[in-house]
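Residue numbers (my numbering), protein chains in the order written: chain A, 2 to 415; chain B, 2 to 415; chain C, 2 to 415; chain D, 2 to 415.
The hints are simulated quantities; they were obtained by calculation from the structure and are not laboratory data.
Predicted model, so just to flag it, every value in this text is computed and none were measured.
All residues carry an ideal CB built from backbone N, CA and C; glycine is no exception.
Do not take every clue at face value.
From the derived model, a few chain C residues whose C-beta atoms are all more than 12 angstroms from chain A [as the list claims (entries may be wrong)]:
1) GLU128
2) ILE153
3) GLU282
4) ASP386
Heads up, simulated DSS-like pairs for lysine-lysine below, C-alpha to C-alpha not over 27 angstroms straight-line [to be verified]:
5) LYS371/C with LYS53/B
6) LYS63/A with LYS53/A
7) LYS404/C with LYS371/C
8) LYS53/B with LYS279/A
9) LYS371/A with LYS371/B
10) LYS197/B with LYS296/B
11) LYS139/A with LYS404/B
12) LYS53/D with LYS55/A
13) LYS371/B with LYS371/C
14) LYS326/B with LYS326/A
15) LYS404/A with LYS371/A
16) LYS197/A with LYS326/A
17) LYS53/D with LYS53/A
18) LYS139/D with LYS371/C
19) LYS404/B with LYS404/D
20) LYS404/D with LYS371/D
21) LYS197/A with LYS279/A
22) LYS197/D with LYS371/A
23) LYS55/D with LYS53/A
24) LYS197/D with LYS326/C
25) LYS197/A with LYS53/A
26) LYS53/B with LYS197/B
27) LYS139/B with LYS287/B
28) LYS404/D with LYS197/D
29) LYS139/C with LYS279/D
30) LYS296/D with LYS197/D
31) LYS53/B with LYS53/C
32) LYS279/C with LYS326/D
33) LYS326/C with LYS55/B
34) LYS326/C with LYS404/A
Protein chains: 4
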Amino acid sequence: MKTFSEEVTLEGHIIDSWTLPRAFDAIMDMGGTFDVEEIQVGRAKDQPSFAKLKVHAENEHKLENILLALQALGATLASRDDAAYKPAPDFYSTTHLPTQVRLGARWVDVQNTEMDLVILVNPETGEARMVPSAAVRKGELVVVGHEGIRIIPPQRPRNREIFSFMGSNVSSEHPKRLVIEEIAREMREIRARGGKVLIVAGPAIVHSGAGPLLARLIREGYVQVLFGGNAICTHDVESVLLGTSLGVALHSGQPVPGGHRNHMAAINTIRAQGSLRKAVENGVLKEGIMYECIKNNIELVLAGSVRDDGPMPDVITDVQQAQLKMRAALQGVEMALMIATMLHSIATGNMLKASVKVVAVDINPAVVTKLADRGTFQALGLVTDAELFVRELANALAALEEKEAKQPAKAGKS
Amino acid sequence: MKTFSEEVTLEGHIIDSWTLPRAFDAIMDMGGTFDVEEIQVGRAKDQPSFAKLKVHAENEHKLENILLALQALGATLASRDDAAYKPAPDFYSTTHLPTQVRLGARWVDVQNTEMDLVILVNPETGEARMVPSAAVRKGELVVVGHEGIRIIPPQRPRNREIFSFMGSNVSSEHPKRLVIEEIAREMREIRARGGKVLIVAGPAIVHSGAGPLLARLIREGYVQVLFGGNAICTHDVESVLLGTSLGVALHSGQPVPGGHRNHMAAINTIRAQGSLRKAVENGVLKEGIMYECIKNNIELVLAGSVRDDGPMPDVITDVQQAQLKMRAALQGVEMALMIATMLHSIATGNMLKASVKVVAVDINPAVVTKLADRGTFQALGLVTDAELFVRELANALAALEEKEAKQPAKAGKS
Amino acid sequence: MKTFSEEVTLEGHIIDSWTLPRAFDAIMDMGGTFDVEEIQVGRAKDQPSFAKLKVHAENEHKLENILLALQALGATLASRDDAAYKPAPDFYSTTHLPTQVRLGARWVDVQNTEMDLVILVNPETGEARMVPSAAVRKGELVVVGHEGIRIIPPQRPRNREIFSFMGSNVSSEHPKRLVIEEIAREMREIRARGGKVLIVAGPAIVHSGAGPLLARLIREGYVQVLFGGNAICTHDVESVLLGTSLGVALHSGQPVPGGHRNHMAAINTIRAQGSLRKAVENGVLKEGIMYECIKNNIELVLAGSVRDDGPMPDVITDVQQAQLKMRAALQGVEMALMIATMLHSIATGNMLKASVKVVAVDINPAVVTKLADRGTFQALGLVTDAELFVRELANALAALEEKEAKQPAKAGKS
Amino acid sequence: MKTFSEEVTLEGHIIDSWTLPRAFDAIMDMGGTFDVEEIQVGRAKDQPSFAKLKVHAENEHKLENILLALQALGATLASRDDAAYKPAPDFYSTTHLPTQVRLGARWVDVQNTEMDLVILVNPETGEARMVPSAAVRKGELVVVGHEGIRIIPPQRPRNREIFSFMGSNVSSEHPKRLVIEEIAREMREIRARGGKVLIVAGPAIVHSGAGPLLARLIREGYVQVLFGGNAICTHDVESVLLGTSLGVALHSGQPVPGGHRNHMAAINTIRAQGSLRKAVENGVLKEGIMYECIKNNIELVLAGSVRDDGPMPDVITDVQQAQLKMRAALQGVEMALMIATMLHSIATGNMLKASVKVVAVDINPAVVTKLADRGTFQALGLVTDAELFVRELANALAALEEKEAKQPAKAGKS
């Protein structure tokens, strides 16, 4: 039987990081076979390995699919052609891993890494970037096929840091205090070096009484970007202006008479001002999460949804507009905390490149699994309560602060 | 101590439908007191009761809040003034129950019943309708305060129909087959009398392989309105064009090589056609849920969300636009089945008046509780699997059909 | 049509506590009808009401069932006969509410209130108590039928304390800090007056690192009775002896090499000692939850289950034996905290009389609903994380302690 | 620095089945290092591979732990000594994988494979078997240390059968119909060859109305062993004798007046008979799950729990007794379906050897994950509804039966 073949090479920590067995799996799962033409396994743990495989499949379509799968694992085709591109609809679809394309016999880093996008190239400037396929304009050149594309898969970190629990989220039965302390330490380091932390915040944070704690984290410089929806904005403003969240008094936990109208009152108050910024400038809004975002020039993106009341004037009601703003705000983000909001967290997760550290917090284990299952070694899921998580995180940050205050000489990482 | 007082009356099945004890509760919970000035309890179960209460509170604000709460229970103020209205921001906020306003000494039904809206009145024509506060234009007259408003609370039905399990959803431990048969019976009756059934459909229906069953229900005339998002549309088209859902082959349950690109291929195919309707007309889309909606002129509203890929051209990306379309499509709907989609179900639930029968199906009990907890006797929650629910419903409808075919003389309710 | 009738009376806060509408519901739901022969509604909130109903049913069996249901609501039959009793199998089945039987024309309190038991009477001594039907010995006299039985239903408390949220559990979206503070306050009051608090403790408390906090609560006198199983005992001992819980190091959250053998090592160590008490006396076990229970003479009942490894020598492997011990230990308990253990919590809930304040904590909302749904105004459910709950509770208790230390003059309730 | 070293070899599909990278991981995670002394990777997929590693650690304790971990992956120590054994407390703790011990220079299969047990050896007869450590009697010889033990790890099956989705359970979003068909096919094959299927059955099966379907499966010979507790037994008998389950009528889904006493009546009826078998013999119990178990001589083990009412006379109230009976009944079981009962399913899972095919069905994803996460390629989790699962399974079996009836020539696997 005639078969179609291609040679591929894999380099690096391909056994240690489980790349080689995954490659074997992929080939066989997709109906192909292979010969191992060459293999060198590093004798010690810090030596890279190398493998050259010859992959066979019964038809060209199967072979192509196998090569695509191997590519996502970091394999390079032996035939080192440039990437192909044309102004065409059959796109190469990206992963969230660092990616290079070969243009003019040179490997070029692709900008704006994000899943399920297409790669636009400019052969003249030698530049490449990822964009949503809907954003491709007529005449722009898009990478097609799979030649000349190289993906750099994540290497499993050897030091035992909390983000290396790939795939496995921290269940409700593990000691979360330790994990939260580690997150706090990471946040302090990012702040110290001027990096960016994103919080995707659900309304339960306010509703459960943890709003002032999140506001404090923003004020203290631990948060640079905040994503949310109409609900967290409305709840926050309601809590600041009227002391309630969905009509429940935050100082007592009891519903307030007539309180079900409070969220509409909060919305109408801000609508009358025109925007959150104006409400802050005019002294109408004097504290809270939204106030701190405005005051501290946090990048704030409030994305609307079809279940919104009102909405607040700052909420972007067109979801494609909102996606554009979110994408722009994600530049430079190193860590993303997603707390108790499935919709906005999934939206954000879709846009995050693999190197961003992700912490997903929700009381529903199914949500946490969905968010933390990113195929990287940088995601961490916590099945827990939003209120108590934020409280513990604030405590952990304060404890670190205090500890460092006592050791003025030692800067940076404790 | 000086107190502020007001007389209110309650009529109807006020003990049987728990209205009177709720009123007592409300007054005392909100810090008021009361005297029962008159009470007549119907001697038998079909005789209405009547109560006149004098309500006291220590200040006018408290009294007002109490009266507002009593009004939501159907109480009428003894002082029978007309409703007050002005072109003003401090609105009366509506419930989802049938509501009347007093205009020109006449009780007028308010149109477009929906929660958390405001009431627009036209004193000249004597008309009143509910609109979102954001939709009020300058100069329009809006009801303020609480005088001249009458709410007709639900009476608990005495016959033991499935929708009378107020509040309590059907857990995973109850016999669902019986409940599903009852829903099927109801759907057949609505179809028989030319009524409208809405299905709010989540993508899991397609993903779990139940798409063809839902398509069949539409084709057979059991569904008149369909709400969903980009995901169900994309999954459905992907399954029809490529046999997969998110890259998983529906005939085998196995991932297809390269299948993760299929959903973008499905979107791009329809985008190239311009719309679902054109794809159907041009013979590109030949079956499935979307196909049946187009072919059978079902009212289809696809509301976008910030987590969407693409999106499909028929998806409304502005969420306020989407809300308007949904509101329009809800006119005349008698029954709403919400299956495995929290976002669109909550959005729909917010817009439904209390008299619509609601069935909420989800595998997550928290979602079912949220959706089915509508304060009416018309909501029913089922903690179960979307695929198996749709399959059982299709079976139950087919069984009823067969049964009736054998009894050609007997029309209507079996 | 011939009907069977009986006169019943209801007294007390029957409208305010929703007793009367529930009685109407019950009669009609069970196919009966009624006439209201007399009704007096207290004019003000502190005046009791009174109703006399004539209940009709089409046959004696239906009437009997209706009367039984009314009795559970506190109704008294107009015909004031003594309770009937015989050495017989068709028992009256108890509720968890305070109950009286009429013996020798006198209303006698029934001891050992618990659900689903039978009532043993001794007409000579005029005593009555509840026992499991399996425990009835030949010749003992058991109450049958429904005459001469009076149940005292709970009155809804008017002051807004946290335990009055009947039925509705505190979801993950409510401010738990306030609720936890209230629980702490209650625990301090019970300790102050020498009362008893029961904790039903699941292994996640140890596994999540909160074991030392629970040990501290016991040491400080906040806990008088502790129920659990083999798992919490084993985890606690493993954590104390080896620093791990199921092989995971509690100081780092990382699995320890070979650690999966640690729980068997812990069990074997205690088995070699003979019992937990001997292990404490011999200096083998020097801290932890079990240690504190032994040292402080807490009533400790460890009930075995079929999934146990080992088990520990103190675990009662016969479940009926375990039930007897639990029943005995429950005497005098005023408050029960059930934390992250469904099996032992349900077992305990079945044995608790209605007047015990119940707090059910679990991350699974379905478990919380099951535990907190006790038909009383004394149950409170918290959907949250065991670790963070125990941590917050310990913090709240410490804060109250500190606060009171500053106000030495004011004793008791703050 | 002085290090301690040992040579180990790994053979078989060690790359394909991910054994080698797991071994590398284990060594480095536990603080060791290694040299790859020899490696041969099979050139094609059906050729086995071979690796010889030299493992280093800084002390003997670490080295020992590493060797233990490698052994669980199938590694053999180069030093081929016999297993060590003594009448001692520091046992080797077993896995649920096939295991051999070296006795008298011969590799001997260990009988009664089960997790967390100890290995008893008889050097004279050359036999070895696993027993719970609590069951070891004085003087018996128990394997200690890790020399002379060989574990045969599972090889990943290449044909794409449903049980090869290791670890990943089938979420509520996947097509379950296909999976259920596959389970049905497997059950027919086992029945055809006279094998054994175990069902671990929770009470929701009866409560949800699916009891008669399970009874049918037993009658038709699809079930050879049934495990459950007091609840399923009581519910089943109540449903047969009184038509209700926990007082809810199964024909209508409505609570029956006085029905809360029915489960005690069911228990008392069987207690009066003495046992289920006598109740069947005396014509008291004429159908249902328990009836079919008795009539068809199914191995039935009912294990008690501390939350039981009654209990039924056949319920084993001592949990260690119950474990012994379950262990005995598990001999020869090839497939285990665990449906909607966490307690009994975990107990069973602990006792099952790795080669048994496991299907775990529950509506709570956390339960399914816990049950299906067995580190084998033979476990399958379904997040779905018990009632609808049993119904679909019965349908699928009936459909296969019908299909085969039409093809009488073709026996065995369709």
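How the hints compare with the structure:
1. GLU128: holds (43 angstroms)
2. ILE153: holds (28 angstroms)
3. GLU282: Correct as stated: the minimum Cβ-Cβ distance to chain A is 30 angstroms, above 12 angstroms.
4. ASP386: violated (4 angstroms)
5. LYS371/C with LYS53/B: violated (39 angstroms)
6. LYS63/A with LYS53/A: Given pair LYS63/A, LYS53/A holds - Cα atoms ~20 angstroms apart, limit 27 angstroms.
7. LYS404/C with LYS371/C: Status violated; Cα separation ~36 angstroms.
8. LYS53/B with LYS279/A: violated (49 angstroms)
9. LYS371/A with LYS371/B: Measuring from Cα to Cα gives roughly 21 angstroms; hence the hint holds.
10. LYS197/B with LYS296/B: holds (17 angstroms)
11. LYS139/A with LYS404/B: violated (58 angstroms)
12. LYS53/D with LYS55/A: holds (25 angstroms)
13. LYS371/B with LYS371/C: At roughly 17 angstroms apart (the allowed maximum being 27 angstroms), LYS371/C and LYS371/B satisfy the hint.
14. LYS326/B with LYS326/A: holds (26 angstroms)
15. LYS404/A with LYS371/A: Not satisfied, since the Cα-Cα distance of roughly 36 angstroms exceeds 27 angstroms.
16. LYS197/A with LYS326/A: Holds - the C-alpha atoms of LYS326/A and LYS197/A are around 16 angstroms apart, at most 27 angstroms.
17. LYS53/D with LYS53/A: holds (21 angstroms)
18. LYS139/D with LYS371/C: Violated, at about 46 angstroms.
19. LYS404/B with LYS404/D: holds (25 angstroms)
20. LYS404/D with LYS371/D: violated (36 angstroms)
21. LYS197/A with LYS279/A: OK: LYS197/A and LYS279/A at ~26 angstroms, within 27 angstroms.
22. LYS197/D with LYS371/A: violated (37 angstroms)
23. LYS55/D with LYS53/A: Since the Cα atoms of LYS55/D and LYS53/A sit roughly 25 angstroms apart, the hinted pair holds (cutoff 27 angstroms).
24. LYS197/D with LYS326/C: violated (40 angstroms)
25. LYS197/A with LYS53/A: violated (40 angstroms)
26. LYS53/B with LYS197/B: Given pair LYS53/B, LYS197/B is violated - Cα atoms ~40 angstroms apart, limit 27 angstroms.
27. LYS139/B with LYS287/B: Given that 27 angstroms is the threshold and the Cα spacing comes to 48 angstroms, the pair is violated.
28. LYS404/D with LYS197/D: Roughly 23 angstroms separates the two Cα atoms, so the pair holds.
29. LYS139/C with LYS279/D: holds (22 angstroms)
30. LYS296/D with LYS197/D: Holds. LYS296/D to LYS197/D sits at ~17 angstroms (cutoff 27 angstroms).
31. LYS53/B with LYS53/C: holds (21 angstroms)
32. LYS279/C with LYS326/D: violated (32 angstroms)
33. LYS326/C with LYS55/B: violated (54 angstroms)
34. LYS326/C with LYS404/A: violated (48 angstroms)
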